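Protein chains: 2
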Amino acid sequence: MFARAKAMEVTDYLPRIAKDLGIDQNRLAEIHKTGNLQLVKDHIVPYLRFKREEHDIEEGTVVFLADNPVYARGFPKIRRAMVLRSALKKHMRDGFQVEEKLDGYNVRTIYIDGILSLTRKGIVCPYTTQHIKTLLKGNNFFKDNPELMLCGEVVGLENPYQTKSYPEARDFGYFIFDIRDRTTGKAVSVAERNKLLKKYSLPSAHNFGIFTAKDAGRLLGLVRKLGNDTREGLVLKSLDMKQQIKYTANRSTNNDLKYAFKFPFDYGQSFMFRRLVREAFQAYELGLSKKEIEKEADRLGRSILIPMIDTIKKIASGKETTEDFKISVPDVESGKSFIEHLKHLGVHATIEKISESKRETIVSVKRHYPSTNDKIKAYLEGEFCSD
Amino acid sequence: MFARAKAMEVTDYLPRIAKDLGIDQNRLAEIHKTGNLQLVKDHIVPYLRFKREEHDIEEGTVVFLADNPVYARGFPKIRRAMVLRSALKKHMRDGFQVEEKLDGYNVRTIYIDGILSLTRKGIVCPYTTQHIKTLLKGNNFFKDNPELMLCGEVVGLENPYQTKSYPEARDFGYFIFDIRDRTTGKAVSVAERNKLLKKYSLPSAHNFGIFTAKDAGRLLGLVRKLGNDTREGLVLKSLDMKQQIKYTANRSTNNDLKYAFKFPFDYGQSFMFRRLVREAFQAYELGLSKKEIEKEADRLGRSILIPMIDTIKKIASGKETTEDFKISVPDVESGKSFIEHLKHLGVHATIEKISESKRETIVSVKRHYPSTNDKIKAYLEGEFCSD
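Line by line, the protein sequences give chains V and P.
All residue numbers for the first sequence refer to my numbering, where the first residue is 55 and numbers rise by one.
All residue numbers for the second sequence refer to my numbering, where the first residue is 55 and numbers rise by one.
Treat the hints with caution; some may be incorrect.
Treat identical chains as interchangeable: a pair holds within one or across any two.
Calculated lysine-lysine pairs in the DSS-like style (CA-CA distance at most 30 Å, straight line) [unchecked claim]: (1) Lys-144 x Lys-279; (2) Lys-368 x Lys-143; (3) Lys-420 x Lys-407; (4) Lys-144 x Lys-431; (5) Lys-345 x Lys-312; (6) Lys-143 x Lys-316; (7) Lys-368 x Lys-144; (8) Lys-344 x Lys-373; (9) Lys-218 x Lys-380; (10) Lys-312 x Lys-344; (11) Lys-197 x Lys-187; (12) Lys-431 x Lys-279; (13) Lys-144 x Lys-429; (14) Lys-345 x Lys-279; (15) Lys-429 x Lys-345; (16) Lys-175 x Lys-197; (17) Lys-431 x Lys-312; (18) Lys-279 x Lys-252.
These are calculated hints, taken from the structure and not from any lab test.
Source: prediction; values computed, not measured.
The following block holds chain V by itself, in its conformation from the complex:
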């Protein structure tokens, strides 16, 4: 489809890219100078990625540097309702489709000489690519629609980003929620997307149907129920796809907190704070009784304190607190090179064990959280806290 254009400099591409993306050429040159348009060379086709949102170009937008550059626009931020009733009244005039929000990691998939899967931040992930290649084997979607991009959530235990199992996808599943033009990022309408999902039998998140702002109470109840089933929440989509809103259950928020407080010095404080505030708004909007609020508060407190104490105990006993997960790879070599890939992303992971069988190679990985381990160790040894 295209020749690798190694001899060309990045700057040679900028006029063409600026034109394709509809952005001023000087502006793009400036963005490139600031380092926000990062060149990734270690891929078979070198690519540029927007590390941050810039002038309506989404964070994670990728440009593959072929003779004719190929684009994968970043997935737009979906905004979160804090008070569902009011947010729907304000932002959703007409009917909207309600779908389940799955708790995994956002993956865009495009086709250039083959399947390529990108993380939210615009990194080609060899591990995800390999698995999605397998999932989409024999599927004609990209043959018929080469300019479209599949956007979906990868869930399951076997990945290095967000390990949560679902009954429908214990180890690795990919559920499509949006289909977009890869160059403009424009989503196809809800109806068109539903049609394409059906036509190509693409797996998708559960579709609860069409609702209106008047159904806020029912949706709150639905979110509550999803939470009780240890699921995350909902995404609401206007039928023209011009508005999307997410809303998640307190139970799921508690799970995030449990996780973050296992590694308290490695997670951002605002990550925690935002979740505490969210829980209060949801408890308020649900109109919980005093007793129910207390129960909600107890659960919240336990999601904070218990993981922290467990981590302190573990470190006090001389062990390291780590995050352990498994990945399934075709062979040992690709397992090792994937760990290297994670290191480039700033994830400090090491291989714990490799189990080879005829069918697959399972690599057990440990992710390390040095700040949490070092800080807690220092306190345990008597170091002061300065506040």
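For chain V, the structure is supplied; the task is to place chain P on it using the hints.
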């Protein structure tokens, strides 16, 4: 004692101040240029204050610009033990005196033509000064020891900084914990301080006596007991005053959190985060059982969620959430000028009511928290959260 030297420029004082404080003259000039040495002109004697710690000069150090400058060195940071046993073993080789830490605000008092009381950050507080003047009326401490500085905690309901009542000081009490040379900041020894407190009948925080690092278990129990009595914790002082360590009860930490989560968008996220971590370390060190940890966690969760929900409810009902307190002043005029003084400190307060009697004038004050009120109102009206 000194003439007001209005005609002199601040820079004229710098060589003398540098000499007195033992700091390089050019360094001090630089600090002055950065704005960290702030001139406060609205006091009867203009003064300079160190807004931050600089080259061993403590934050809140004040220099009164008389012909012979008068100093009030800032109160040093007392470091906090996270794990009491280890901190004592590491930092307290010998016996140390254990005193109660009261939960109020830190006030240094010196004498220059009269009593002057300073907040931690080095602001002359007219309200505190007036009350401490009354408390120390007829006391000869400063007559006999003009170069010394009293350092203590103001507690009680009637103040604008930290309103917490104690049985021994419902409205306003001043409890001395350190006595220091006002120019060098050097503390007199524990024995000497105990002697001076006794000689001049100065009120002081409760003294639990002399302990050693081996008593950590007993001290943990004592802190726990203080917490259950809704008191804050302990300060441990080496007998030569070269080392001080603070340690406070989880119950007291919970009270801080309750307060902060009433105004979640006005308090720093690190204020909250540090307290969550503290609670985990204390629960760990106390060796609590699973059941006890759950109880501790429930209490923590309730200190976070319930105040936030109460605040959301209040704002949803169209009211403003504020902090209300009373101050006792000699007359209406001084009440009003004190509110002005608070405004200069960045505290947005308004007078709610004034009750005059023969004995005193009580001003009811409302402190406003605009970020919390605005942000919650916006969410209630359907504004998105961007995360």
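Worksheet item: Failing hints, ascending?
Response: none
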